[in-house]
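A.B. asks: Single-letter residue listing:
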Amino acid sequence: MIHYLSVNGLVQAAVLQSCRISDLVLAQQAEQLEQTPEKVYETMAQSLSVMRQAVIDGTYPDLRSTSGLTGGAAFKMKCSVDDGKNICGKMFGSAMVKALAVSELNAAMGKIVAAPTAGSCGIIPAAVLTMQEEHRISDDTAVRALFTASAIGMVIAQNASISGAEGGCQAECGSASAMAAAALVEMAGGTPQQVSHACAIALKNILGLVCDPVAGLVEIPCIKRNAMGTANAFVAAELALAGIESAIPADEVIIAMKRIGDSLPVSLKETADGGLADTPTARKLQEQVFGKQE
Amino acid sequence: MNVFDIIGPVMIGPSSSHTAGAVRIGRIAGALLGETAVKAEIGLHGSFAKTYKGHGTDKALVAGIMGMEPSDGRIRQSLVLANRQGMEISFYEMHIDGAHPNTALIALTGRSGKNISLEGASIGGGNIRIHKVNGMEVDISGAATTFIILHNDTPGAIAAVTQFLAGQNINIGSFRLSRRQKGGLAVMTLEVDSPVSTQLNQDLERLPNIISSTVLAPQ
Numbered sequence: 001m002i003h004y005l006s007v008n009g010l011v012q013a014a015v016l017q018s019c020r021i022s023d024l025v026l027a028q029q030a031e032q033l034e035q036t037p038e039k040v041y042e043t044m045a046q047s048l049s050v051m052r053q054a055v056i057d058g059t060y061p062d063l064r065s066t067s068g069l070t071g072g073a074a075f076k077m078k079c080s081v082d083d084g085k086n087i088c089g090k091m092f093g094s095a096m097v098k099a100l101a102v103s104e105l106n107a108a109m110g111k112i113v114a115a116p117t118a119g120s121c122g123i124i125p126a127a128v129l130t131m132q133e134e135h136r137i138s139d140d141t142a143v144r145a146l147f148t149a150s151a152i153g154m155v156i157a158q159n160a161s162i163s164g165a166e167g168g169c170q171a172e173c174g175s176a177s178a179m180a181a182a183a184l185v186e187m188a189g190g191t192p193q194q195v196s197h198a199c200a201i202a203l204k205n206i207l208g209l210v211c212d213p214v215a216g217l218v219e220i221p222c223i224k225r226n227a228m229g230t231a232n233a234f235v236a237a238e239l240a241l242a243g244i245e246s247a248i249p250a251d252e253v254i255i256a257m258k259r260i261g262d263s264l265p266v267s268l269k270e271t272a273d274g275g276l277a278d279t280p281t282a283r284k285l286q287e288q289v290f291g292k293q294e
Numbered sequence: 295m296n297v298f299d300i301i302g303p304v305m306i307g308p309s310s311s312h313t314a315g316a317v318r319i320g321r322i323a324g325a326l327l328g329e330t331a332v333k334a335e336i337g338l339h340g341s342f343a344k345t346y347k348g349h350g351t352d353k354a355l356v357a358g359i360m361g362m363e364p365s366d367g368r369i370r371q372s373l374v375l376a377n378r379q380g381m382e383i384s385f386y387e388m389h390i391d392g393a394h395p396n397t398a399l400i401a402l403t404g405r406s407g408k409n410i411s412l413e414g415a416s417i418g419g420g421n422i423r424i425h426k427v428n429g430m431e432v433d434i435s436g437a438a439t440t441f442i443i444l445h446n447d448t449p450g451a452i453a454a455v456t457q458f459l460a461g462q463n464i465n466i467g468s469f470r471l472s473r474r475q476k477g478g479l480a481v482m483t484l485e486v487d488s489p490v491s492t493q494l495n496q497d498l499e500r501l502p503n504i505i506s507s508t509v510l511a512p513q
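Heads up: the protein sequence lines correspond to chains A and B, in order.
Residue 249 in this note's numbering sits at position 249 of the first sequence; the count goes up by one each step and never skips.
Heads up, this note's numbering is the position in the second sequence plus 294, with the first residue counted as 1.
Keep in mind the hints are simulated off the structure, nothing from the lab.
Predicted model only: the values in this text are computed from it and were never measured.
Heads up, the beta-carbon is just placed ideally off N, CA and C, and yes, glycines get one too.
Incorrect hints may appear among the rest.
Stated by the list, open to error - As a list, the in silico DSS-like pairs of lysine-lysine whose alpha-carbon atoms are at most 25 Å apart:
{"hint": "1", "chain 1": "B", "residue 1": "K347", "chain 2": "A", "residue 2": "K292"}
{"hint": "2", "chain 1": "B", "residue 1": "K344", "chain 2": "A", "residue 2": "K292"}
{"hint": "3", "chain 1": "B", "residue 1": "K344", "chain 2": "A", "residue 2": "K284"}
Stated by the list, open to error - Taking CB as the label site, the calculated pair distances span:
{"hint": "4", "chain 1": "B", "residue 1": "F469", "chain 2": "A", "residue 2": "P37", "range": "32 to 40 Å"}
{"hint": "5", "chain 1": "B", "residue 1": "G450", "chain 2": "A", "residue 2": "Q17", "range": "57 to 65 Å"}
{"hint": "6", "chain 1": "A", "residue 1": "G291", "chain 2": "B", "residue 2": "A511", "range": "38 to 46 Å"}
{"hint": "7", "chain 1": "A", "residue 1": "Q46", "chain 2": "B", "residue 2": "P449", "range": "46 to 54 Å"}
{"hint": "8", "chain 1": "A", "residue 1": "N159", "chain 2": "B", "residue 2": "Q371", "range": "37 to 45 Å"}
{"hint": "9", "chain 1": "A", "residue 1": "L33", "chain 2": "B", "residue 2": "K408", "range": "33 to 41 Å"}
{"hint": "10", "chain 1": "A", "residue 1": "E252", "chain 2": "B", "residue 2": "P489", "range": "43 to 51 Å"}
{"hint": "11", "chain 1": "A", "residue 1": "D140", "chain 2": "B", "residue 2": "A454", "range": "53 to 61 Å"}
Claimed, not checked - Sample of chain A residues with no beta-carbon within 12 Å of chain B, all distances over it, derived:
{"hint": "12", "residue": "N8"}
{"hint": "13", "residue": "P61"}
{"hint": "14", "residue": "N86"}
{"hint": "15", "residue": "G93"}
{"hint": "16", "residue": "Q193"}
{"hint": "17", "residue": "V235"}
{"hint": "18", "residue": "P249"}
{"hint": "19", "residue": "S263"}
{"hint": "20", "residue": "S267"}
{"hint": "21", "residue": "D278"}
With these hints in hand, go ahead and build the complete structure from the sequences.
C.D. replies: So this is what it looks like as structure tokens:
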């Protein structure tokens, strides 16, 4: 029986049974949810389909958010990639397109999968679907990788937080990035230890990031931070797959994230009172959307 | 906690609290009315009042009243759809002392002239709490199968309901009672451990002193 109390616990269990982390998670979740493994798998497969559709819907050129503040970035990025103009190559470019598309679709009241939250919903689809396309990886491997990502998310939720209001953006985009890095490593055939190192590296790079949404809306800077979180997931997975280890183990990084989140002032935890939300331009945009506030 | 709390739910954006949770509050109000709404007056408190336009909270609440789920692609057009079916909708900003920042007060009038009101809060991650039904205190999370039963405050009304459920082999997980005044309108809310059929609820509704019974499926 596995628990989701530590990343190390998941790694040790997978090593002991010579299997992937996802194999253990799928079996355990079926038991916990009192459903067949097939049924649990099918639910996750449906989420992957929603993610794929969100990329398509989010790339529409005229897409605009409900507030009118954002939209169209994914389409611009796609044009750049299609024209061969983006400087980081096709794979990286198309990952950016997906991250922006799903996040912009969320802001435009489109259908998405919270992963782990709506504000960070672009990172995991961008990483997993791009990896699938570029390396011809099966749907089955992709769906299973989402179980590994979820397991990492559960450990973070239990030991720290996945909510911006509690832990800042590090808890939302940081967690999503760590989860995505874990999924990428498993999809690439990495070991459970490498999954853990990728998770640690991804999270270390986003520690301290505050949640300061302009006008309190899930748009600025959230959408672009989804692109950043995706890039970070690939960096972390790439390093881990090359055999580079995180000096600080994943579980200690998660505790550090929790402590950092606790010491952040409330103004930087989704209240739209500090950081970018308190800049002159942000206040102007806020007035533009909601009118003058007392 | 399970994997689908982490990767999931499938929802219409942009916010689990301001959009998905708002749909759920609206759904319960719509279910309680039990017929097509012709009029909806919606009060918004706190963050709901300040940011509802940017988060689509208005569309989400109305979509819920119309019976849509948080993943329904029509949520974005709900105000237009409601208008087309003849629902008169108004929003106003309000203040309730001590209320959760994401609180809505929904008053609905149905086609037959039936009126209901409901006060609920979206407490994060798409989870909700209903605090009042027709001005009477309740505490509904919607996580279990829930009965909302309006009845006359008279001896035997509660016993009749619990005996009826016992006879159907339905176990009660929680029970709460509230009333407007002695001998007046009262509401009992019961969470039960098994699913309930429409027929069973209709039979319950025919018990003496029961005004109406609404069953909410777990969400």
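A.B. asks: Are the hints correct? Go through all of them and say.
C.D. replies: Okay, the hints, checked on the actual structure:
no.	hint	in the structure
1	K347/B - K292/A	holds (14 Å)
2	K344/B - K292/A	holds (11 Å)
3	K344/B - K284/A	holds (16 Å)
4	F469/B - P37/A: 32 to 40 Å	holds (37 Å)
5	G450/B - Q17/A: 57 to 65 Å	holds (60 Å)
6	G291/A - A511/B: 38 to 46 Å	holds (39 Å)
7	Q46/A - P449/B: 46 to 54 Å	holds (51 Å)
8	N159/A - Q371/B: 37 to 45 Å	holds (41 Å)
9	L33/A - K408/B: 33 to 41 Å	holds (38 Å)
10	E252/A - P489/B: 43 to 51 Å	holds (45 Å)
11	D140/A - A454/B: 53 to 61 Å	holds (54 Å)
12	N8	holds (19 Å)
13	P61	holds (18 Å)
14	N86	holds (26 Å)
15	G93	holds (24 Å)
16	Q193	holds (22 Å)
17	V235	holds (22 Å)
18	P249	holds (21 Å)
19	S263	holds (21 Å)
20	S267	holds (15 Å)
21	D278	holds (16 Å)
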